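Student: Residue strings, one per chain:
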Amino acid sequence: MLVKKLMRQNETYIFFVIVLLAFVIQARSGQFFTPNNIVDLASALVVPGLMAIGAFMVIISGGIDVSFPALASLSIYITTSTLLDMNYQGGMLLPIVMVCVLGALFGAVNGFLIAQFNLPPLIVTLGMSSVFRGFMQGALNSRQLATIPEGMSSFGTSALFVAQNRTSGLSSRMPVSFLILIVVLIIIFFVLKYTMFGRGLYAIGGNETSARRAGFNVWKIKFLLYVIVGVIASLAGLIRVCMMTQCHPTNMLGMEMMIIAGVVLGGTAITGGTGSLTGCMFGTILIVMVQNSLILMGIPTFWQGVFLGMLIIIGTGISAYQVVRANDPARKNLGRARL
Amino acid sequence: MKKILALMMAMVLVFGVAACGGGSAPAPAAPAAPAEQPAESAPAEPAAPVASDKDESDWEIVVVPKDASNPWFVRMDVGVKEYAQKTGLNIYQRGTADIDATLQAQLIQDLIASGVDAICVVPVDPGSLEPVLKQARDAGIIVIAHEGASLVNVDYNIEAFSNDQYGAFIMDNLAEAMGEEGVYTTMVAHVTNASHNEWADGGVAHQKVAYPNMTLLEAEPRVESEDNGDIAYNTALELFKKYPDLKGIMGTSSFDAPGVARAIEELGLTGKAFTSGTGLPADNAALLRSGAVQSLTLWDPALAGQAMAALAVHMLRGLPVTDHLDLGVEGYTDLVFKPGSTTVLEGQGWIVINAENVDSFGF
Amino acid sequence: MDQEAFPGGIHFAQKGSDTVMAQSLLKAVDVKKSFAGVNALKGINLEIYPGEIHCLAGENGCGKSTLIKVISGVYTPTSGHIEMGGKSYNKITPIEAIMNGVQVIYQDFSIFPNLSVMENLAFNSELADKRKLVNKKRMRQIAQDAIAKINFDVDLDEKVGALSVANKQLVAICRALMFNAKLIIMDEPTTALTRKEVNALFQIILDLKAQGIAILFVSHKLDEVFEISERFTIMRSGELVATGNTAELDDKKFTYYMTGREIEDLTFTPENVSEEPVLEVQNLKLDGYFDNINFSLKRGEILSITGLLGSGRTELALTLFGMRKADGGTIRIDGKDVILNAPDKAIENGIGYVPEDRLTEGLFLPRSIGDNAVIAEIDKLAGKLGLLADKTRRDEGERLIRRLSVATPDANNACNTLSGGNQQRVVLAKWLAIDLKVLILNGPTVGVDIGSKRDIHEILHNLAKEGLGIIIISDDLPEILANSSDILIMRGGEITASLKPSETNVAELSGYMM
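Protein chains in written order, with our numbering: chain H, 79 to 417; chain A, 2 to 364; chain L, 1323 to 1836.
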């Protein structure tokens, strides 16, 4: 029974693909199942993982957000440059509070435009993405900040533990920020499953009119959603800056495509309403694994883009095919014939 | 009705803000690669040397950078000021508030109207500047460009160096760090980026001649960083894992060497693996001091500004411009025409940045 | 859209109920509603009594939906008032309507296809209680209680999207019942149901009546009105044209009230039938759908094919039009074997097809009516270089539209500005443009109101007389009986009977179908 249930779930298939890919990488490089490689992947997962959680929530609600990298860039740029100007010497608490407040603020702009005027989220976030970027580059005259406050860089480089590969002698740090990913995952998992807000996201994604008729406060849910996404994305941005020990205002831009691809790869319906956080994480892990293992697999630089593109098309194609099959008249008829 | 109104409002908002923000193109984290395109379109015939009939003290030579506030051009201003002081001539730099091709064109038009004698320009967008530069030349103004090798309506364009020579220079730095032996590979922003790949090619060619004990990693001779420090870092992690023999990575984009250095540090390879490449002093001071990177390479905008001004003076004096021209500016003492071009002059204006001199640049 | 009900089914209604209708449950008094100057409701007076089954009928656009929305508090009336629960409201909010026991089951059921039955049922009350957290146990209890009210047997963990249309409707009904409903408004509830499902729905409606719940049943189907309702109200162009006991209503009056004109019944009598069949089908087979299909069609005949959904009738039509490739058997046009493996092959051989759902399959809705009309003959209109002269295209479009008397001021208007019946005519126009031998129509009058329905039948009769062979796929049995020369009944992918309309009746036909 359990096996049967698992076999029907998208997550199972992605999990198999991940395992398969791991063995392929292992076979081709002998480097996959080494402690330091696993830690490297976990470390590379933190930022995309957090962003994927936000993107996932938006997609579940039937919306789409393409502005989160720009939003995160802006809030993290303001935070870092302000702290530098203050000659801030303290720990992580203030930076975290600052990015969260800024992220919430910018997310609220998205949320307000989408909830209040019922504008298509793609248009709003596409526009706001330009606004965030333009504001950062124009009004703030952003440039690369080569140094960041001591507290931030030491957080970024501090390790939960260091994994050592005995044969090669290479070592890798498991960043403390991995814990943040875990904590956010647990919180959002709970929110989606056990709060009316979370169920409301699914309800709106399933049928917005029905959600309104059922008594969901659609305005509030949408607004809050984009605020939360702004906070999560900004937190991801902060972690990224801490880990790189420098703040580059533009290098997160463009990440949205891979993040959204990962979410969809994980079985989330781009039309909204369907998908699980587990699947979303699996999809993101798969993308991160591929992105960070192309050299290990020995795929030439020239072919890396092709490989990644193929993976996305095949991955999303499979889920699209499943939808088509589910709607196949022959199968439907079988269902009806029993009546 | 409400919907349409709201939509329009949002559009105005978006466009309004995007327009005032978008006016300024992204500030270059790294200087644009010099001589991106060879001057294939037939360049205007350089004017025969004619001395200005004005008194030298009446000359007005203006340097127009991409903008006034970018540290790169602030540094250029330092050089220009220094040169003006040295020569006692009326030479100054004037830039727009933002990096904006239109604003730059307007500024140059104003300069033409005010009757300056020479304009030295670092174009934001070479193509769109052509008509204005033509006006300037038609008005008898000498036009010198820097980082604008594709320009036609100029007297001369000065590049700090030729691409393969700069690549060889990076290789020298990397080889020194590696002890002139071991396996290395090259990193570029994108394999389609012309100048990065010319640098990398120049570096590899130089290694084959000068450092026989070094070998290029055959399986991955060129990797991409996509102009992103994080990707440079992750790519380096993978490379060092997959190829335990790898000892050096030659970077080109200004994100490459710093990203690779981060990987070297984290993997515990400091002192065992090395990198070198283009980098801005201010961004990399910490890395250089910590020893994760021994040296980075660059060209100095102060000297480039001086070279442009010096060439303008040279021409106003009616002196001929020939191969092996000496402008009396460090790195620009042996300017030669880029092969096949009659307007693009190339110097040897590269500099090395290391732990000792990193704080002396101010950018 | 597949199953239209037919008279002769089980009559549940106790017509002319003798209950004393003392106190009305809901009373709308002189309700007017206008949108931007257009009067959608022109002073409606409507009374609904506890426990009655009241049918609200009217053609599309008559103001039925607006009235429902006013009663349920979605719209505020421009003038007039509503009396409910002993109070008079000039303006009623959705919450007040719910408090007074008014529940609406919309045509789309307002369900969440992606969520479980349990959540679909429990959300409303959880939200009404202003709960912030999910308590699965409590929600399950709520849902359990809700389905118990009508003895609905369903897996609470199943996703609603996976349920049949009828079960989705039951979920919506269960949900409506949770709020102490006194009046349940059902907006065209039988639209997507099979006959069997309609019967089950009517049984539930009667059970609800027995519990004292009034039902306002919105429909434009005559037979349903007679079958289930005790009282009726008919609206036309925003006005209430008739209200009374259903017992006093007959077919003629109903049609007259609905359309505002006398419509006499049309019966098809074949004329000019050719000697040789224009279309012959032998042993036709499509794996998994139908097998061993044999029939022939002469010019001037109308052949009706009927059967339940899943009987293979639609697939047969699609196969004849080349949309699906047959796995065996032969198709002969004018005595010649043809292979129809693509629609353009079928068109080449003079076969046209009007799809089941004209709204999504047959028309390019945003394009102009004229463009839609000429699309099938687009190759013919094109000049030597394959380019299409704008004027040629427009002239031809105008011609076709006049021929079928499509009601539009301008052929350049977009197709989606037309009413359902007129859209159907444009689809027909498309096919008349080419030199046709056989025209296949799948559910030609589904969703079309009575007036247009008759017009379409007339067009079909005329086309047959002009020498076209026509095949109608339909489960509207009265329609089939009145409009065909032969009837084929399919069940489980096989033809179970071949009958003449004069020799059979609705009951016999449905017997062969089940």
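Hints may be right or wrong, so weigh each one.
From the derived model, a few chain H residues whose C-beta atoms are all more than 12 angstroms from chain L [said to hold, decoys possible]:
| id | residue |
| --- | --- |
| 1 | L223 |
| 2 | S232 |
| 3 | M274 |
| 4 | G276 |
| 5 | I282 |
If we take Cβ atoms under 8 angstroms as the criterion, some of the chain H residues that face chain L in the derived model are [claimed, not checked]:
| id | residue |
| --- | --- |
| 6 | F190 |
| 7 | Y280 |
| 8 | K298 |
Don't read these hints as lab results, they were simulated from the structure. Being a predicted model, the structure only gives us computed values, none of them experimental. Backbone N, C-alpha and C fix where the C-beta goes; we use that ideal spot for every residue, glycine too.
Student: Please write out, lowest number first, the hints stated earlier that are contradicted by the structure.
Tutor: Violated hints (numbers, rising): 3, 4, 5, 6 and 8; every other hint is consistent with the structure.
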